Structure formats: C-alpha cells, structure tokens
Amino acid sequence: MTARVVTFSSGKGGVGKTTTTANLAVALASTNQRVVCIDGDIGLRNLDVVMGLENRIVYDLVDVIEGRCRVRQAMIRDKRYENLFLIPAAQTRDKTAVSPSDMVRLCNELRPEFDWILIDSPAGIERGFRNAIAPADIVVVVTNPEVSALRDADRIIGLVEAEEKGPARLVINRLNAAMVKRGEMLDTNDVLELLAIELLGIVPEDEQVIISTNRGQPVALDDKSKAGKAFQNIARRLNGEDVPYLPLDGGNNFFNKIGKMFKPGGN
Amino acid sequence: MSGFVDKLLSRNPNSASTAKERLQLVLIHDRTDLTPTQLDTLRNELIDVISKYVNIDRQAVRINMSQEGREQRLIADIPLKSATKRR
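Quick note, the sequences are listed as chains A and B, same order. Under the numbering used here, residues 1 to 267 are what the first sequence spells out, in order. Under the numbering used here, residues 1 to 87 are what the second sequence spells out, in order.
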C-alpha cells in the first residue's frame, strides 16, 4: 500500500473544508480502503467533532511531531469503520509548532500503511496552509459559489501552482440549485470558467449536513441525503471512477413542480 | 416574485451575472498583481515610448488583459497613423 495524500484547502474559512474532509474519509473508508485524516488546523481543531471522535483524543499531531508519542498512539480509530483513523490537531498550540518538512516526514511514515491520507488545511495562506500542502499529491480546493470564496479559491489555486502541487481540483460546496435557476447564484459553468481548473465535484446545499454534523455522523453515511450522495460520488472520482455529475435541477422541472403542488414541503 | 417582475421589466441584471463580471475583473488584477491604476500608467508610458518612433493615435490604443485558462496575457492593439496621409 502506498497512500495518496490529498489536501483540502480553500483560503477562506467556513466554506466546508472540514466537512468535505470528514465526508470523503468516511466515503473512502466505506469501500474498505485504509484511510487516515490529519487535522492541520492547529489551535482551532474541528475535524474531531465533525467526525464524532472528540471524546477519544489522548495525543495529537504536535505530540507526534515533538516526539511525546508514536504516530500509532495519536491515531484515533473511527467508531464506524475500523479502517478509518484521525490524527487530531493540538488545541493549545499554534501553527508554528509544525513545519512543512515535519508534515512530509509524518506522511512518509504513514504512506506504506494506508490507501489515503486526507489533510484538512486551515483557512488562510500562511504557515498552516504551507504545512498542509507540503506532503500533498493532490490538492482539492473547496469553494462556495459566491464572490469572496471564489476570489480566495483563485488565490489558493495560484499558490498551489507556484508550489508545483498543481493542477488543483475543485469541489463546489453548498450550491443552491433554486438560486442558480433564478439567476441569483453563479452556476457550475461560471465557476469553472472563472477559476479555470478541473472539477472534482458539486455538493448541493443540504440542511442534512448540519443535522448529521450535530450528531457527529458525517452525512456521507446517509444514502438518502443529496449532499451525502455527492460526497460519495467525489470519493468514487478520487478512486478513478468516471461518475456523472448529479442533475442539479433541485427537482424544479415542470413535472416536479406539478408534483410539489400536491405535496407541500416535499424535497 | 418581485425578482421575476424585475426580470420582466429588465430593471436589474440578475445578481449572478453581476458577480461574474465583477469577479472577472478582480481576478485579473489579483493574478497579475497589477492594479487598474498601474495598468493605466503602463498604458501611458507604453504609448509615450511608441510615439517616439511612430505616429500613433493615442485615443485608439487598446491595452487589455486577456485570459486563456489560468494564463494571463497583456494584449495591445496600437493602430498606426498612415505616414503617407501626413504628407
């Protein structure tokens, strides 16, 4: 086994990096691959709560880097998949506690034992981001279809290219199909034309994401949720499968509209 | 619903196309690290240099940034004034 290292980045905070990392981890693990995720957001850790593993933390990333424990001791095994692990970020330190070469060394140690190493990058373009992309084989830029997120995504794409980690691939998160239809939200084609990179996936806005995160259960475990399905499809694309993009009409074609008239609140 | 009425009366372009146009401009400047003012200065200096050698119509000069994939390109269109006409 030689793991591929995938780093999730965005520039802007709050676009869904952690959600994307957690969900792809679960989706990849559900196909019996060995997956480890690393929370790169030292000082503001969150991947643990999103995955529902916050009560199991003993050691963290900085403990590993500074030699207070072995990598194995810091790896928390997931509750649902025994082939999924998390290395949490330290909460009481800052990004300078880790260097890009530390991250490269850590990933090289993990590579032989895993199929996938997923790194959740912190927001920003400083040290934490540099740490997160240093070991990456693939950089996935997560964005939302709105001006500030897209501008920051473009900056990240440029930096990834400059670090010779490109071309980055794009996940458009929280696309609201109804707003696109009304012409009040940029659509996928607009976004791809602006950023000029390859698409990896589109995740529709779905309140189920918050509901499942409340419970510490990534939405990718839920086959009925639209966002969950989208994350599963992204995982399949990472695996090299050619998966068509979900129709994003939000159920707004003529027949669905008629259907909705008889079923208020449906979908 | 009011959005629909606006559209019918074409009061306002929809916000998505406004966002796209604004982003197109912002990204060009972000990627090249060139502000609109700097681009203007560049334009004027370029015209000055070219004018030393050939006769050009300052008003007709077009200098624009264009985009091909993630590559930025500076395109200058400089029509020359015909030398024969001046004689």
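No wet-lab data here; the hints were simulated from the structure. Bear in mind the structure is a predicted one, so any value in this text is a computation, not a measurement. Heads up, some of the hints might be wrong.
[What the hints assert, rightly or not] DSS-like cross-link-like pairs, simulated, lysine-lysine; straight-line CA separation at most 25 Å:
no.	chain 1	residue 1	chain 2	residue 2
1	B	K20	A	K181
2	A	K12	B	K20
3	A	K181	A	K79
>> With the threshold set at 25 Å, check whether the alpha-carbon distance from K20 of chain B to K181 of chain A stays at or below it.
In response: holds (15 Å)
> Holds or violated: K181 of chain A with K79 of chain A, Cα cutoff 25 Å?
Replying inline: Violated - the C-alpha atoms of K79 of chain A and K181 of chain A are around 40 Å apart, more than 25 Å.
>> Need the status of pair K12 of chain A, K20 of chain B: alpha-carbon distance at most 25 Å?
In response: At roughly 18 Å apart (the allowed maximum being 25 Å), K20 of chain B and K12 of chain A satisfy the hint.
Going through the hint list in order, the structure does not satisfy hint 3, though it satisfies all others.
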